[in-house]
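Enquirer: Could you build the full structure based on these sequences and the hints that come with them?
Read top to bottom, the protein sequences are chains A and B. Counting from 1, one number per residue, gives the positions in the first sequence under this note's numbering. Counting from 1, one number per residue, gives the positions in the second sequence under this note's numbering.
Derived from the structure by calculation, the hints contain no laboratory data. Wrong hints could be hidden among the right ones.
To be verified - Some chain A residues well away from chain B (every beta-carbon gap over 12 angstroms; in silico):
#1 GLY51
#2 ARG110
#3 GLY229
#4 PRO302
To be verified - To give a feel for the contact side, a few chain B residues facing chain A, derived at Cβ under 10 angstroms:
#5 ARG19
#6 GLY94
#7 VAL139
#8 PRO272
#9 GLY279
What you are looking at is a predicted structure, and each value in this text was computed from that prediction instead of being measured. Think of the CB as a built atom: it goes at the ideal place given N, C-alpha and C, for glycine as much as any other residue.
2 protein chains.
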Amino acid sequence: VIPRAYLVGLGPIGIEVGRALRARGIPLAGAADPTYAGQPLGQLIGDGDAGAIAASAGELYARRVDGELSVAVLCTGSRVPQVAPQIEEALAAGLHVVSTCEELSYPRLRHAELAARLDDAARAAGRAVLGTGINPGFVMDRLPWTLAQACVRVEHVHVERVVDAARRRGPLRAKVGAGLSVEQFLEGVARGALGHVGLGESAARLAAELGFALDEVEETLAPVVGEGGVVKGVQQAAWVRSGGRERVRLELVMAVGAPDPHDRIVVDGDPPLDVLVQGGAHGDRGTVGTVVSAVAGVASLPVGVVTSYR
Amino acid sequence: VIPRAYLVGLGPIGIEVGRALRARGIPLAGAADPTYAGQPLGQLIGDGDAGAIAASAGELYARRVDGELSVAVLCTGSRVPQVAPQIEEALAAGLHVVSTCEELSYPRLRHAELAARLDDAARAAGRAVLGTGINPGFVMDRLPWTLAQACVRVEHVHVERVVDAARRRGPLRAKVGAGLSVEQFLEGVARGALGHVGLGESAARLAAELGFALDEVEETLAPVVGEGGVVKGVQQAAWVRSGGRERVRLELVMAVGAPDPHDRIVVDGDPPLDVLVQGGAHGDRGTVGTVVSAVAGVASLPVGVVTSYR
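Expert: Written out as structure tokens, the structure is:
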């Protein structure tokens, strides 16, 4: 069954998702974004007759036909509190939800009550709610736990991801603080405006999927500083300890000119596995790929907030 | 829900699977193998009280308790016609089936009628039937299609796997024809006694999972010949063409002293992916890992013959 997609949020990723959905043959019921309200969607995402861009999600969901398999694709924000009302609105209108919201990949880590409320709402509606992307959502969680399926026993998983921010679009360079002073960087971090969102979520969901209790989930964040004290990017780590032992460690560097971009997953287990994604999985295109794949396969997702996902 | 496992076939892999199930905390109802009938299972797979080894699967399944979640773990053969009656017996007794049978990873490729009959029987029984292992079952099919989930579009997938047979147990060296003359090798191939079973199955299921029609599925097999005309192993390839274009190509070398053992998955798509399993995934331990993981997760498998499996 091919679902119909309702795209909410036309930032750079939302626009790419819209184009990719069309290319994949998934019909778009339309899109909503107040910035472009009333403009033809075809102008933004290429040819097509998905009508005028709605000013709100509610206006967009009114196009839904009863009984149809429909997915709200929310490309609107990184934090669960911000996206939760949008999820509830989509569920109430009868839609499944696939979102690029980073925290939604494992919402209970930072928002236990809200996550439980969303899970209840999704179950009551008989719909799936999935946060996905390349990271969180793939290279540092789903791919490692898929690899662990080939293991009799897993002692520890270590994932490192190095991204050269110079090869990525402007918003990523801004997000990692490139060009700032250390003082400005620290101020941005304190405001929650800088850094990668979702590393702790990846660590927690990976550990949970591997069967480890989440006794401690810790995170660190620091600037990568270049010549003259100018910030080039960010380095972050997250790890999970369970029963007094570290079980998962994720390390992420996103910096302008970061040498040797790659992803590496090392499973200490039986058998051991050492897997290298040469050059690293592309962040934006990979995120679009995971979103489009999830939308295409939404009918086979379990009901509720989906955090364990193969 | 933790299932109870019924192990059928106590060859080298069956014994390793039995030990791994215990280590993973999955209760073993017992095992069946006429070679060891009447002997305590604990002697073969380590401590435990799984009773005496049964002479037949039927005798073993008689231990099943009505309403329990039970899995027959069939480590008995590589070909579907050989294993099909065992699958039907297990289904009739109320068990799910997880098997190392290589052809069962995509049974419809070579045995369309039998595959349909097994699928009907499994659906009628409300049970899952899964053929798994490291290859087929993981490195050349399931792992590549998991990677493709991060792609907006896939044009072609190329997987190569190089195994140094010198580092593996005797049965593998025999299976690849190491030490034979070319004449003996070709005679063994003609008898169906030599070579890796399942490469075509991996290619077909990977292509099917990626959405490509299986217009042509082709395979080749040749000896790797060393000094003095002595065979060192086997090199095989399988590929799928769809709509006039090659979409999947798998290349496998298993030979004594094969240089640079590894698995490599190259996805030509958007984004492209180039993934290296450094040193290669271990065949036997990886197979045991996939089997134990599948048994542990059997409750979440779909009903029927499962060929698409994340």
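Enquirer: Each hint needs a verdict: does it hold in this structure or not?
Expert: Do the hints match the structure? See the list:
1. With a closest Cβ-Cβ approach of about 23 angstroms to chain B, A/GLY51 is found to remain outside the 12 angstroms limit, as its non-interface label requires.
2. With 12 angstroms as the threshold on Cβ separation, the claim that A/ARG110 sits away from chain B holds: the shortest Cβ distance comes to roughly 25 angstroms.
3. No Cβ of chain B approaches the Cβ of A/GLY229 within 12 angstroms, the least distance being about 34 angstroms, so the stated non-interface status holds.
4. At the 12 angstroms boundary, the C-beta of A/PRO302 falls inside the reach of chain B, the nearest C-beta of that chain being 8 angstroms off.
5. Because the smallest distance between the Cβ of B/ARG19 and any Cβ of chain A comes to about 9 angstroms, under 10 angstroms, the interface hint for this residue holds.
6. For B/GLY94, the suggested interface contact is broken, since its CB lies about 24 angstroms from the closest CB of chain A, more than 10 angstroms.
7. At about 8 angstroms, the closest approach between the beta carbon of B/VAL139 and any beta carbon in chain A falls short of 10 angstroms, and the interface hint on this residue holds.
8. A distance limit of 10 angstroms between C-beta atoms decides the matter here; for B/PRO272 the minimum to chain A is near 8 angstroms, and the interface restraint holds.
9. At a threshold of 10 angstroms, the smallest CB-CB gap from B/GLY279 to chain A is about 6 angstroms, leaving the interface hint in force.
In summary, the structure is inconsistent with hints 4 and 6 from the numbered list given earlier, while agreeing with the others.
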